[in-house]
Amino acid sequence: MNDLIKKVTQLLDDKTINVFIGYGQGTASRIRTIFVKNSSQVENLVYTSDCTANLAGYLLKHEVKKIGKLGILANDSALRSMMQLASEFQIKDGEVYVLHAAKDGSFTEFADFQSIEAYLVTIDTGITSDEQERIAKLEAMTVKERWIFWNKEFEKCIKCYACRAACPMCYCHRCTTDVNQPQWIPVASHEQGNLDYHLMRAMHLAGRCVNCGECANACPMDIPLNLLTYQLIAPIRTTFDATAGMKADAVYALSTFKPDDKENFII
Amino acid sequence: MQEFEPKIVAFVCNWCTYAGADLTGTSRIKYSANVKIIRFPCTGRIDFMILMKAFENGADGIIVSGCHPNDCHYSTGNFHARRRWIVLRNLLNFAGIETDRIQFSWVSAAEGFKWADVVNNTVAAIKEIGPYENYRKIAVSTLFNEEGASNE
Amino acid sequence: MKIGFYPGCSMKGGAREYQESVSALARVFDIELVEIPDWNCCGATAAHNLNKELSLSLPARIMALAEREGLTDIVVPCAACYNRLSLVQHELGADATLKSKVCSIIDLKYEGTTQILNIIQFIDKYITDKLEEKVVKPFNYNAACYYGCLLVRPHAILNFDRVEDPQSMDVLVTKAGGNAIDWAFKTECCGAGMSVSRTDTVARLSGEIMKDANDRKADFIIVACPMCHSNLDMRRPEINKYLGENITMPVLYISQVLGLAVGLDAKTLGLNRHMTEVIFPEKPVKAAADIPQKVVTTQKMEA
Amino acid sequence: MSRIGVFVCHCGENISATVDCEKVARISGELKGVEFSADYKYMCSDPGQTMLKDAIREHKLDGVVVAACSPRMHEPTFRNACAEAGLNPYLCEMSNIREHCSWVHPKSDLTTDKAESLVRVMVEKVKKNKALNSIKVPVTRTALVIGGGVAGIQAALDIANCGHKVVMVEKLPSIGGHMSQLSETFPTLDCSQCILTPRMVEVAQHPNITLYTYAEVESVDGFIGNFKVKVRKKSKSLDEHLCTGCGLCTTKCPQKKIPNEFERGLGFRPAIYVPFPQAVPNKPVIDRENCTYYIKGKCKVCEIVCPTKAIRFDQEDEIVEVDCGAIVLATGFDVLKPDFFPEYGYGKYKDVIDGLQFERLASASGPTQGMIRRPSDGEIPKKIVFVACAGSRDPAKGIEYCSKICCMYTAKHAMLYKHKVHDGTPYVFYMDIRAGGKNYEEFVRRAIVEDETHYVRGRVSTIYEKNGKLIVKGVDTLMGAQPVEIEADMVVLATAGVANKGSEELAQTVHVSYDAHKFFAEAHPKLKPVETNTAGIFLAGACQAPKDIPESVAAASGAAVKVAALFSNDLLTREPLIAVVNRQAPPVYSSCVGCFLCQSVCPYQAIEREEIKNRNGEVIRTLAKVNEGLCQGCGTCVALCRTKAIDIYGYSNQQVYSEIMALLND
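Chains as they are written, first to last, in numbering that gives the first Met the number 0: chain A, 0 to 266; chain B, 0 to 151; chain C, 0 to 302; chain D, 0 to 665.
Each hint should be verified, as a subset may be incorrect.
[Unchecked claim] Below, computed lysine-lysine pairings styled on DSS-like, alpha-carbon distance capped at 27 angstroms: (1) B:K35 to D:K129; (2) A:K257 to D:K500; (3) D:K419 to D:K403; (4) D:K127 to B:K35.
Just so you know, the hints here were simulated from the structure itself, not pulled from any lab data.
Isolated chain A (complex conformation) (with noise of 0.2 angstroms):
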């Protein structure tokens, strides 16, 4: 923890970055996400168990990106997140300082997209066993059970859009869900429009996800959005061959193809 305020602190002092992203203690018990931007600001920085958030998002708020050179505390997640980014062009390599926070308490620096990537491929990037679990639950069920199993949690759905806000993928400045000519999905939240929402938004994850669950996290009505993103980790791995974020200049895996993709529903 030391070594995180000395890092930081000195970062900050000699101005290799303008504002490093870390956790902070919020009320009640939370953790929260703190902006540090100056060393006075350096102890209210923590790291408990409990900082397990996928700060990799911030990256690319607006109001974050204005402050100036940005650092990091990224965990595991993040770190693929960032690829994913990377890949999408969306951060650069050496515009972020990146500070690897294990899963140990130890934080090592990260000096450039390459020495992330060689981290990665040491690191387990699957889903939790809870989480396959019940997915394999859900599977087991037949359509229609699934189909009133979804429509039950959908109609929760308040279209709050918080999940997407928490995704660190969903970075657009106008979603479909803001288009209107025509309107694809419509805004009121009732089961047709939180439908189409939901199996919009899985979608444009297929392959990009890198399962760090913030947008279950996220959700005040508790639905296990994840799980939809996460069904299609699997298929995605075992006929593309493809992982998100594990490299920065990673070719999408729904950008590419090859002529022998195995399928068994095409007559």
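Given the structure of chain A, go ahead and fit chains B, C and D onto it with the hints provided.
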């Protein structure tokens, strides 16, 4: 009681399947009138949202068809489309949408007979499955009146 | 270092010297060969003509037993056994349904994770690096390396060496101080399984092989398969009768050649067990000019 | 409020037999936004079109739907008619009520209902149609021809003779390609050099052709009509203007034992050399890798003997920029490398050679002055074996395709051999004889009958040397799969034709696609054989697939016509049905977020990066932009774009959405 006449919309590419359907016509092969075609330049142009809009607006079935692999007029549009369909079918199925109502096919400009078969088989299959009440219901917000609890 | 060892039937019978030499060689390089407990016949040349499931289950059981012992590599010196084990591993790897069926037949868990090594692969993986420093008595002879059919084919599955003109044994012989000659019958058929039933066919096929090696002034034929060995060695009287000659050239296993080079004695290597007596010609018996030189570099055609 | 006109065609009885056309017209007339509707016997006839034009003028129509046959048939007809009446042609759509309705359904209310809804769909679509103008792209009337073999030469001359400028780039020191290496050509047996060299000279002397030899294409930017190409002229270590081509330097060069590439290693050349006597240009280059001066720092014999002081040891590569409107790829092919055939001892035995080497042996200007002598000892081979399909049609070697030219040249080789070695015996091992072509089969017959070539149908398993002979072991499948052994003096392998070395890199530089075997891919295998998927880039010759000389020349002329057609106007006109990335006023600029996932889906490399800068010149946004010259309008990018920032004219999101609504909500 009147027989159920499904509404089926076909999204096809201009160069292969549309031309193939033209050949079905010039060959005077008969098929069911339930299917109506919307023309696209390429299967690569067919946005997945279009399929969802079709179900919402009362389609009971959908046919998506284009050039066989390696025959795309634009050389690779159908390959990209195929990848998207693989993912989309996975997602829709997982979300509880009945993917057996969507028939994907490759029909070339020479396959007039195949087009008639695809249409007739799809119509027969959808007649078997019945109208897509479930999807239509959410469009009018009358869900869960009779289905009971979910399996959560 | 513990490595699984599958002897197969030959090595317990007609090719005892092959096992003796492999074991002796392994000892020199501090490698412990662990014979797979309760191993069974690989099915070899007969089973796959009779019963598909049997032909899959026999090798699968061997590999399953190795897996159970925690062995990651198995060395299979017999080329026929090596071929069967590799092919079955490939076939079951490609078909999950078949795999589970075979698992239920053998009543053992089979994953297909062990690496199957033929004798040359084994030497390459564990010995080659240290070979040259251990050579005390260079094998200073002209050697015709004979690969036979099962070691390199089918290439698409075994993916070992060049299928039409293999080189791996030649390289080993060279490292042992020998002169691997260029000859034409490296992968021709020796008659293999007809060793007992059609000795006339064996005499003809093996005869052509012997003749070419002899014409090209080889001192030894080097093999890596007990069947090749028995045909070339044991059927020598028939071969000589067919050729109308008296070729006395001995046939050695590659493990024996390396064993000799690292200073093991003839008895340890089982040289006394050969039918055709192993006599070492006095060197040099031939002028260098007589020996067909191996052209290592390919002809330069174009810049 | 729209003012749409609906015109329902009876097509004689083709439509009206099963569809109530009058009713369709009547019902359509009641649709919102439809100002006028009518039905007519033959809409495509003159009176039909006149009716359409009159109605447009009279009712001030701002959209037209013609319900008739397939748009693939008459869309251009009716769009032209609209244009003639002053309506933008892209405001006209067709409902296909013939092929997709009247012809495939029986006469019934349902069929008429379907026709009505097909019209309704198009009415709703037309409401969202936009007036579009054809795209005009300026054209630079210079063609770049890459490769100076017979295909490149033909294309260059054809284009130049149309009055257009041509820049030809050849990688080697001389043009001529593989054809200049050939001895005689099938099926006429005329001398290759005799027919080719005049054309090579013509290229060099043509006022419209600029020739860069010993040069390679470094980069290609731009698009059809407007390519910007960088060409690297490798240093020849020579002032070409001063050099008279006297050749003194080449005779005095102390390095004499460099394997001659032109002779395929069967002869030698010095370090300063002209590749062959008839080379164009006939001026030497210094091969720096083998030149004593460049290796050891001293020698300079050539500089000393040169009467015009033309040698330039310090000359550097030069980059030339070429502006051109079209590119013709004519980079030719190569043959398989020796290490492919360990079983044939190719590369191991000196007397196992490939077809091109045999060409040099048979050539009057070759290393043996046209005598067939074997490389090992110069003896005349009395028994020679030709192996066809050496590598070709062999999935195990990774070459599934037929190399096409080998059957013919193998027959030619056998003939040439027999003509030169009367008491010799030629054998040919073959799989099938593929002699499709004018006078080709007759030619092969002559080789078999008149020149007594022994054709053995079967493959060769192995070749080895024994007692100074090459033992060729094969099988004769027509004689009951009998093993055959031939003791030959020489073996010629008809090695597979493969893509030229570096073709993959060149394809990536030029931005064209290539197939699994690295041959360049045509836009359509039948109907666009000389076009590539990249507009303005064409293919000539064997860079596309193995081809013989007549085919290469025909393809080259075809490519030349395409170039000439492109150059026939100052402006290139294209259909405007292309994708477009939206642009909005600052500070929004566009809903494009610049993720560029669209870039790799585009089959035409039509998506570019546009940088939006602020007043200080700093880049504030990078947006996708569609190159109008390259986009072909497939719309694959449109479906991928998450923000709907890309749309496509003619099949826009609004149009498609309206169509679905209209189709399903009746």
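Do the hints match the structure? See the list:
Distance check on the hinted pair: B:K35 and D:K129 sit about 24 angstroms apart at the alpha-carbon level, within 27 angstroms; holds. The suggested pairing of A:K257 with D:K500 holds, with an alpha-carbon distance near 24 angstroms, which does not exceed 27 angstroms. Proximity of D:K419 to D:K403 is assessed by CA-CA distance (about 26 angstroms); at most 27 angstroms being required, the pair is judged to hold. Between the alpha carbons of D:K127 and B:K35 the distance comes to roughly 20 angstroms, so the proposed pair stays at or under 27 angstroms and holds.
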